[in-house]
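My request is simple: use the sequences and hints to build the entire structure.
Sequence order for the protein chains is A and B.
Per the working numbering, the very first residue in the first sequence carries number 324; after that it's consecutive.
Per the working numbering, the very first residue in the second sequence carries number 3; after that it's consecutive.
To be clear, the hints were calculated from the coordinates, so they are not data collected in a lab.
Mixed in with the good hints, there may be bad ones.
Said to hold, decoys possible - Below 16 Å or equal to it, Euclidean Cα-Cα: the simulated EDC-like pairs (lysine to aspartate or glutamate) are: (1) B/90 - A/374; (2) A/377 - B/89; (3) B/90 - A/363; (4) B/66 - A/372; (5) B/66 - A/363; (6) A/437 - A/475; (7) B/101 - B/89.
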Amino acid sequence: MSIVFLILLLGLLSWKGYLAWKRGRNTYVRDREQYQSLWEYLVVNGATEREARKPFLARALTRAFMPLMRQWRFWVVVGVLVVLTALTACAQNTDYVEVRTTQKATALQRYAYKAWYSESYRIPLAVSWYLTKEHTYGRNQRKQQTFQPDPDIRNAVTTYDYMQSGYDRGHMCPAGDNKWSQQALEQTFYLTNICPQNHNLNKNDWNDLEQLCRQWARKYGKIYIVCGPVLRGSNHKQIGPRQRRITVPEAFYKVVLRLGKNPTAIGFVYDNKGQSQPMREAVCTVDEIERLTGLDFFSALDDKTESRIESHSSLADW
Amino acid sequence: MLELHNVTIGQQIRSLSLTVNSGQLASIVGPQGSGKTTLLRAVVGLIAVDSGHICIDGELLTPKSAPYFRRQMAYVPQHLLVPEWYDKVSADYLSLLGKAIESGKPLLIVDEPSQPLSAEAQQAVDQMLRQAAQRGAAVLVVNPRITDNQVRL
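Here it is, written out as structure tokens:
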């Protein structure tokens with residue numbers, strides 16, 4: 324919508340500008356012809372050509388733009404178009420990491436990621452962030468970090484709730500994507516960014532995928548990532564103390580979007596189990612993941628692009 | 003100061019040579035259409051000569067180099083049409099001449115006015131021109147009343 328107003332504005336300005344230019348040029352040509360003797364007088368009596376041209380140019384500019392100054396209706400229209408362009412441009416949603424949830428979830432805005440945390444499951448339903456080439460490099464070390472209860476959540480999960488459960492504290496937004504900033508790195512250790520994850524999956528297939536995403540970020544400059552748990556059925560395994568039961572997801576999804584000339588998306592689903600799962604078989608479309616989770620990804624894209632890229636997923640495109 | 007050697011312009015001016023030294027007042031006379039104004043326009047570099055050359059202080063004047071020479075020239079045209087939106091110059095012949103002489107430039111090129119002047123104005127003009135020459139300027143003028151150094155076209 325904003326582009327329409329912008330085109331109208333530019334069209335109006337260029338039309339009026341063209342008319343003004345024509346008016347000014349005609350004035351200049353006519354004056355130079357009519358007052359050639361003045362030009363010669365100025366030039367011969369020590370003025371440079373530039374200086375001699377000055378009064379003619381000043382006159383032409385006045386004749387070109389003064390009528391425009393008096394057209395108050397024109398300026399009102401320009402003002403309205405500018406305001407409309409600005410308003411529609413601001414209103415346009417360009418938040419590609421926005422996730423729409425149908426279930427009840429608390430939206431958490433962190434420095435480097437967003438999370439939609441379910442207080443009933445005590446795990447995030449979705450965690451989203453963008454990853455740039457620059458963000459894949461950094462000197463901050465994850466070794467010094469410890470898992471922290473989220474300060475914004477009441478009765479927050481603690482690192483002790485995972486002890487003896489047999490599950491890893493699996494990062495959704497990985498620490499490895501946030502070494503560029505100490506604050507960003509620390510916040511990935513909030514337990515609202517963590518799901519119970521099978522140790523082998525965490526160490527192998529899921530880690531491979533995270534590294535692949537970093538490769539893609541270096542290749543394409545900037546990518547958008549959303550990941551989280553897949554909860555199949557209504558009965559789920561739970562871990563943790565009685566007052567803070569944590570749901571163990573049956574699987575994990577990850578969707579990746581790149582924009583640019585040819586926007587492309589890809590999705591992955593890994594079962595939360597120790598057996599190796601080839602990446603080729605984990606690939607699935609974003610539409611499928613939306614069906615599995617009830618979430619809506621990349622709604623900021625225009626509908627045509629969104630439906631095109633979410634219905635197709637192939638490693639060959641990356 | 004100003005030298006013309008075998009200058010030919012169009013049909014009117016054929017192989018004309020003349021010299022105007024500093025402090026000298028030279029006058030060009032001739033019937034209407036004999037090329038007086040054309041000659042003056044060539045001297046200030048507004049038009050090119052067909053053959054021969056014009057020198058100022060021994061240096062060749064060309065239409066391209068004219069801007070450098072014009073720094074030491076003052077020119078009073080035959081007629082000047084000044085638009086109502088330009089107020090830095092007056093179209094009056096006498097005030098233009100006054101301005102040219104006041105500028106103190108060493109070479110004055112003065113055309114005759116297109117409208118005949120009153121007798122007093124004519125006297126004033128002649129006097130101003132003579133004074134300018136006395137002060138050391140080289141003055142080339144189109145004026146039939148000045149007979150000291152007359153060049154007839």
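Hints, one by one, checked against the model:
| no. | hint | in the structure |
| --- | --- | --- |
| 1 | B/90 - A/374 | holds, 13 Å |
| 2 | A/377 - B/89 | holds, 13 Å |
| 3 | B/90 - A/363 | holds, 15 Å |
| 4 | B/66 - A/372 | holds, 12 Å |
| 5 | B/66 - A/363 | holds, 15 Å |
| 6 | A/437 - A/475 | holds, 13 Å |
| 7 | B/101 - B/89 | holds, 15 Å |
In terms of the numbered hints stated before, the structure departs from none.
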